[in-house]
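K.L.:
Sequence:
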Amino acid sequence: AKADESPIGKVVAVRGNVEAIDDMDNRRRLVLKDPVYVSDTVETGSGRIQLMFRDNTLVSLGRITTAKIAAYAWEPDKDNAAMTLDVKEGGFRVMGGAITRKAPENFKTNTPSGTIGIRGSMYAGLVRANTLSVIFQGGKGIYVQNDIGRVDIETPGFGTVVNNPEKPPSPPEKMSGEELTAFENLTARSSEVK
Numbered sequence: 008a009k010a011d012e013s014p015i016g017k018v019v020a021v022r023g024n025v026e027a028i029d030d031m032d033n034r035r036r037l038v039l040k041d042p043v044y045v046s047d048t049v050e051t052g053s054g055r056i057q058l059m060f061r062d063n064t065l066v067s068l069g070r071i072t073t074a075k076i077a078a079y080a081w082e083p084d085k086d087n088a089a090m091t092l093d094v095k096e097g098g099f100r101v102m103g104g105a106i107t108r109k110a111p112e113n114f115k116t117n118t119p120s121g122t123i124g125i126r127g128s129m130y131a132g133l134v135r136a137n138t139l140s141v142i143f144q145g146g147k148g149i150y151v152q153n154d155i156g157r158v159d160i161e162t163p164g165f166g167t168v169v170n171n172p173e174k175p176p177s178p179p180e181k182m183s184g185e186e187l188t189a190f191e192n193l194t195a196r197s198s199e200v201k
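Residues 8 to 201, numbered by the numbering used here, are exactly what the sequence shown covers, in order.
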């Protein structure tokens with residue numbers, strides 16, 4: 008991070024060796040309470056991490072996950088609230104904070120196969136190769152969109168799968184117990200990890 012940048016969030020839980028790479032390609036290991044900055048890329052390897060952002064958005068990343076904080080803006084008295092998370096691969100859970108209430112249209116999670124938008128909600132996703140799976144976990148709803156199509160999901164426990172960027176998101180359907188377990192295992196809070 009550059010000297011003039013202020014932190015946009017901090018590490019609230021971490022397990023294992025998780026690294027952040029800034030836009031100058033400098034790597035640093037993330038430990039509890041460490042700051043994170045805009046344009047940091049977080050690589051979990053065999054570890055897991057939970058980040059709390061200034062607007063109280065909580066992002067959990069599972070093992071073998073690479074995610075970049077591509078954009079972040081939050082000043083309680085200004086209107087430029089925004090957050091963009093680019094997940095290249097792996098598992099993630101997002102609990103939207105104040106930005107999702109103030110400017111939900113500016114809160115996005117991008118993946119190779121599609122973009123997830125939020126309306127003050129909680130969701131989890133998994134990116135494996137070209138496939139994106141998303142489950143809506145609570146709140147007002149989410150949408151998953153790419154160049155081919157879009158689905159809106161408003162029922163907790165329902166999700167969608169995008170098999171590759173050339174296919175539209177599948178119609179929302181209830182996630183099976185097996186799929187739910189995969190999400191739970193991925194983004195378990197580090198305090199629960201033995």
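Worth flagging that the hints you see were computed from the coordinates, not collected in a lab. Glycine included, each C-beta is placed from N, C-alpha and C at the ideal position. One or more of the hints may lead you astray.
[Stated by the list, open to error] Here are the computed distance ranges between Cβ atoms for each label pair:
| no. | residue 1 | residue 2 | range |
| --- | --- | --- | --- |
| 1 | Glu12 | Thr188 | 25 to 31 angstroms |
| 2 | Pro163 | Glu12 | 32 to 38 angstroms |
| 3 | Lys174 | Glu12 | 18 to 24 angstroms |
[What the hints assert, rightly or not] Calculated cross-link-like contacts (lysine-lysine; reagent style DSSO-like; alpha-carbon spacing at most 30 angstroms):
| no. | residue 1 | residue 2 |
| --- | --- | --- |
| 4 | Lys109 | Lys85 |
| 5 | Lys115 | Lys75 |
| 6 | Lys95 | Lys181 |
| 7 | Lys147 | Lys109 |
| 8 | Lys174 | Lys40 |
| 9 | Lys181 | Lys85 |
| 10 | Lys95 | Lys115 |
| 11 | Lys181 | Lys147 |
| 12 | Lys181 | Lys115 |
| 13 | Lys75 | Lys95 |
| 14 | Lys95 | Lys109 |
| 15 | Lys174 | Lys85 |
| 16 | Lys95 | Lys40 |
| 17 | Lys115 | Lys147 |
| 18 | Lys85 | Lys147 |
| 19 | Lys75 | Lys40 |
| 20 | Lys85 | Lys75 |
| 21 | Lys109 | Lys75 |
| 22 | Lys115 | Lys85 |
| 23 | Lys174 | Lys95 |
| 24 | Lys40 | Lys85 |
| 25 | Lys147 | Lys95 |
| 26 | Lys40 | Lys17 |
| 27 | Lys40 | Lys181 |
K.L.:
Are the Cα atoms of Lys40 and Lys85 separated by 30 angstroms or less?
P.N.:
holds (26 angstroms)
K.L.:
Checking one constraint from the list: CA of Lys75 to CA of Lys95, max 30 angstroms. Satisfied?
P.N.:
The hint holds at about 8 angstroms.
K.L.:
Tell me if the straight-line CA distance from Lys95 to Lys40 falls inside 30 angstroms.
P.N.:
Satisfied, since the Cα-Cα distance of roughly 24 angstroms is no more than 30 angstroms.
K.L.:
Take a quick look at whether Lys109 and Lys85 sit within 30 angstroms of each other, Cα to Cα.
P.N.:
holds (10 angstroms)
K.L.:
Between Lys85 and Lys75, does the CA-CA distance stay at or below 30 angstroms?
P.N.:
Distance ~24 angstroms between Lys85 and Lys75 Cα, so the pair holds.
K.L.:
Within a Cα-Cα threshold of 30 angstroms, do Lys95 and Lys109 meet the stated pairing?
P.N.:
Distance ~27 angstroms between Lys95 and Lys109 Cα, so the pair holds.
K.L.:
Need the status of pair Lys174, Lys40: alpha-carbon distance at most 30 angstroms?
P.N.:
With a Cα-Cα distance of about 40 angstroms, the restraint between Lys174 and Lys40 is violated, given a limit of 30 angstroms.
K.L.:
Lys147 and Lys95: Cα distance at most 30 angstroms?
P.N.:
Distance ~26 angstroms between Lys147 and Lys95 Cα, so the pair holds.
K.L.:
At the C-beta level, are Pro163 and Glu12 separated by a distance inside 32 to 38 angstroms?
P.N.:
For Glu12 against Pro163, whose Cβ atoms are near 36 angstroms apart, the range 32 to 38 angstroms holds.
K.L.:
For Lys40 and Lys181, compute the direct alpha-carbon distance and say whether it is at most 30 angstroms.
P.N.:
violated (37 angstroms)
K.L.:
Going straight from one Cα to the other, do Lys115 and Lys85 come out at no more than 30 angstroms?
P.N.:
holds (19 angstroms)
K.L.:
Starting from Lys85, check that the Cα of Lys147 is at most 30 angstroms away, please.
P.N.:
holds (24 angstroms)
Violated hints for the displayed structure, listed by number in ascending order: 1, 3, 8, 9, 15 and 27.
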